[in-house]
Amino acid sequence: KQEVTQIPAALSVPEGENLVLNCSFTDSAIYNLQWFRQDPGKGLTSLLLIQSSQREQTSGRLNASLDKSSGRSTLYIAASQPGDSATYLCAVRGDQGGSEKLVFGKGTKLTVNP
Amino acid sequence: GAGVSQTPSNKVTEKGKYVELRCDPISGHTALYWYRQSLGQGPEFLIYFQGTGAADDSGLPNDRFFAVRPEGSVSTLKIQRTERGDSAVYLCASSLNAGDYGYTFGSGTRLTVV
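Residue numbers (the working numbering), protein chains in the order written: chain A, 1 to 114; chain B, 1 to 114.
If you are wondering where the hints come from, they were derived from the structure by calculation, not from laboratory data.
Every residue, glycine too, gets a C-beta built ideally from N, C-alpha and C.
Check the hints yourself; a few may be wrong.
[Said to hold, decoys possible] Keeping only pairs whose Cα atoms sit at most 27 Å apart, straight-line, the calculated DSSO-like set for lysine-lysine is:
no.: 1; chain 1: A; residue 1: LYS42; chain 2: B; residue 2: LYS11
no.: 2; chain 1: B; residue 1: LYS78; chain 2: B; residue 2: LYS17
no.: 3; chain 1: A; residue 1: LYS1; chain 2: A; residue 2: LYS106
no.: 4; chain 1: B; residue 1: LYS15; chain 2: A; residue 2: LYS109
no.: 5; chain 1: B; residue 1: LYS11; chain 2: B; residue 2: LYS78
no.: 6; chain 1: A; residue 1: LYS106; chain 2: A; residue 2: LYS68
no.: 7; chain 1: A; residue 1: LYS106; chain 2: B; residue 2: LYS11
no.: 8; chain 1: A; residue 1: LYS1; chain 2: A; residue 2: LYS68
no.: 9; chain 1: B; residue 1: LYS17; chain 2: A; residue 2: LYS68
no.: 10; chain 1: B; residue 1: LYS17; chain 2: A; residue 2: LYS1
no.: 11; chain 1: B; residue 1: LYS78; chain 2: B; residue 2: LYS15
no.: 12; chain 1: A; residue 1: LYS106; chain 2: A; residue 2: LYS42
no.: 13; chain 1: A; residue 1: LYS1; chain 2: A; residue 2: LYS109
no.: 14; chain 1: A; residue 1: LYS109; chain 2: B; residue 2: LYS11
no.: 15; chain 1: A; residue 1: LYS68; chain 2: A; residue 2: LYS109
no.: 16; chain 1: B; residue 1: LYS78; chain 2: A; residue 2: LYS109
no.: 17; chain 1: A; residue 1: LYS109; chain 2: A; residue 2: LYS42
[As the list claims (entries may be wrong)] Restraint-style ranges between C-beta atoms, simulated for each label pair:
no.: 18; chain 1: A; residue 1: SER52; chain 2: B; residue 2: GLY53; range: 23 to 33 Å
no.: 19; chain 1: B; residue 1: GLU14; chain 2: A; residue 2: SER52; range: 40 to 50 Å
no.: 20; chain 1: B; residue 1: GLY16; chain 2: A; residue 2: PRO14; range: 41 to 51 Å
[Stated by the list, open to error] Far from chain A by the CB rule (all over 10 Å, computed), these chain B residues:
no.: 21; residue: ALA2
no.: 22; residue: PRO8
no.: 23; residue: VAL12
no.: 24; residue: TYR18
no.: 25; residue: VAL19
no.: 26; residue: SER27
no.: 27; residue: HIS29
no.: 28; residue: GLY53
no.: 29; residue: ASP56
no.: 30; residue: PRO70
no.: 31; residue: SER73
no.: 32; residue: LYS78
no.: 33; residue: ARG84
no.: 34; residue: GLY85
no.: 35; residue: SER87
no.: 36; residue: LEU91
Kindly produce the complete structure, drawing on both the sequences and the hints.
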């Protein structure tokens, strides 16, 4: 059974700092990995999607890497801003035939202080 | 519509009652997913539709939970004989098609069973 772990559970940083969020998964047989952002009381916003054949994806100040064989992904946020404060969730989709479900971690709650 | 719409946004019901939660996916999206998110946890998969049919309902916790998508668009998640443990945020997501595409999530329905 796939399990996804995110470390740290919470992180507080001053504005402008570069930071790394970690995600690990127990079964390396994944189809893709996705990072989401969740604001309080809101749904999930997709940030980056990495296919299993890819090593990284970039969008603006965000960069996500994937090391499938070791079961790890990192989300790098450059020059953090108070508006980046949210919970960041990592989710993997298995590559078993017909499996469309995502398995999520519990998230990392990020606070960026002005 | 422009996004995934879920109604109601909040629902309070008494233990033992029946509830229906509605999801309007993005127009043209053939894949639709239901997830449940308890406090402090990541979302957990419930059921996935491709068109009108439930392609994977392995996440439904028991037979009190049922979901339909009769015309391949709007979906309704139905919960019978609600229990306090059913209290959670129920999230719906849609995707252009199952496969390589990312998900778009709605804002969720917060269900509270008292």
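Results of checking the hints against the structure:
Distance check on the hinted pair: LYS42 of chain A and LYS11 of chain B sit about 15 Å apart at the alpha-carbon level, within 27 Å; holds. At most 27 Å may separate the alpha-carbon atoms for a hinted pair to count; LYS78 of chain B and LYS17 of chain B meet this at roughly 11 Å. Distance hint between LYS1 of chain A and LYS106 of chain A is fulfilled; the C-alpha atoms sit about 16 Å from each other, no more than 27 Å. Taking the CA atoms of LYS15 of chain B and LYS109 of chain A, the gap is near 32 Å; set against the 27 Å cutoff, the hint is violated.
For the given pair, LYS11 of chain B sits about 13 Å from LYS78 of chain B by alpha-carbon distance, which is consistent with the 27 Å threshold. Proposed proximity of LYS106 of chain A and LYS68 of chain A is supported: the alpha carbons are some 20 Å apart, at most 27 Å. With a C-alpha separation of about 24 Å, the suggested pairing of LYS106 of chain A with LYS11 of chain B holds against the 27 Å cut-off. About 16 Å separates the Cα atoms of LYS1 of chain A and LYS68 of chain A, which keeps this hinted pair within 27 Å; it holds.
Between the alpha carbons of LYS17 of chain B and LYS68 of chain A the distance comes to roughly 45 Å, so the proposed pair goes past 27 Å and is violated. For a cut-off of 27 Å, the pair hint linking LYS17 of chain B to LYS1 of chain A is broken: about 33 Å separates their Cα positions. Only pairs whose Cα atoms come within 27 Å are accepted, and LYS78 of chain B paired with LYS15 of chain B is accepted, the gap being roughly 14 Å. Between LYS106 of chain A and LYS42 of chain A the alpha-carbon distance is near 16 Å, which keeps this suggested pair within the 27 Å criterion.
Among the hinted pairs, LYS1 of chain A with LYS109 of chain A is consistent with the structure: their alpha-carbon atoms are about 25 Å apart, no more than 27 Å. For the hint linking LYS109 of chain A to LYS11 of chain B, the alpha-carbon distance of about 26 Å falls within 27 Å, and the restraint holds. Between LYS68 of chain A and LYS109 of chain A the alpha-carbon distance is near 24 Å, which keeps this suggested pair within the 27 Å criterion. The suggested pairing of LYS78 of chain B with LYS109 of chain A is violated, with an alpha-carbon distance near 31 Å, which exceeds 27 Å.
Between LYS109 of chain A and LYS42 of chain A, the direct Cα distance comes to roughly 14 Å. Compliance with the 27 Å bound is thereby established for this hinted pair. The supplied range of 23 to 33 Å is met by SER52 of chain A and GLY53 of chain B, whose beta-carbon atoms lie about 27 Å from each other. For the hinted restraint 40 to 50 Å between GLU14 of chain B and SER52 of chain A, the CB-CB distance of approximately 46 Å keeps it satisfied. A hinted range of 41 to 51 Å holds for the C-beta pair GLY16 of chain B and PRO14 of chain A, which are about 50 Å apart.
At the 10 Å boundary, the C-beta of ALA2 of chain B stays outside the reach of chain A, the nearest C-beta of that chain being 13 Å off. Listed as a non-interface residue, PRO8 of chain B keeps its Cβ farther than 10 Å from every Cβ of chain A; the least gap is roughly 14 Å. At roughly 16 Å, the least C-beta separation between VAL12 of chain B and chain A is larger than 10 Å, which holds for a residue marked as non-interface. The beta carbon of TYR18 of chain B is kept farther than 10 Å from every beta carbon of chain A, the shortest such distance being approximately 25 Å.
The beta carbon of VAL19 of chain B is kept farther than 10 Å from every beta carbon of chain A, the shortest such distance being approximately 19 Å. SER27 of chain B, annotated as away from the interface, keeps every beta carbon of chain A farther than 10 Å; the closest lies near 18 Å. Taking the minimum C-beta to C-beta distance to chain A, about 13 Å, the non-interface status of HIS29 of chain B holds against the 10 Å cut. Separation of GLY53 of chain B from chain A is adequate, the least Cβ-Cβ distance of about 12 Å exceeding the 10 Å criterion.
Here ASP56 of chain B does not stay apart from chain A, with its beta-carbon only about 6 Å from theirs, under the 10 Å limit. The beta carbon of PRO70 of chain B sits about 20 Å from the closest Cβ of chain A, which is more than 10 Å, so the claim that it is off the interface holds. Listed as a non-interface residue, SER73 of chain B keeps its Cβ farther than 10 Å from every Cβ of chain A; the least gap is roughly 18 Å. The non-interface label for LYS78 of chain B is consistent with chain A: the shortest C-beta to C-beta separation is roughly 20 Å, beyond 10 Å.
In this structure ARG84 of chain B is separated from chain A by more than 10 Å, as the shortest Cβ-Cβ distance comes to about 21 Å. The non-interface label for GLY85 of chain B is consistent with chain A: the shortest C-beta to C-beta separation is roughly 18 Å, beyond 10 Å. Distance check for SER87 of chain B against chain A: the nearest CB is about 15 Å away, which clears 10 Å, and the non-interface claim stands. Distance check on LEU91 of chain B: its Cβ comes as close as 6 Å (rounded) to a Cβ of chain A, failing to clear the 10 Å threshold; non-interface status is violated.
Of the numbered hints given earlier, the model fails hints 4, 9, 10, 16, 29, 36; all others are met.
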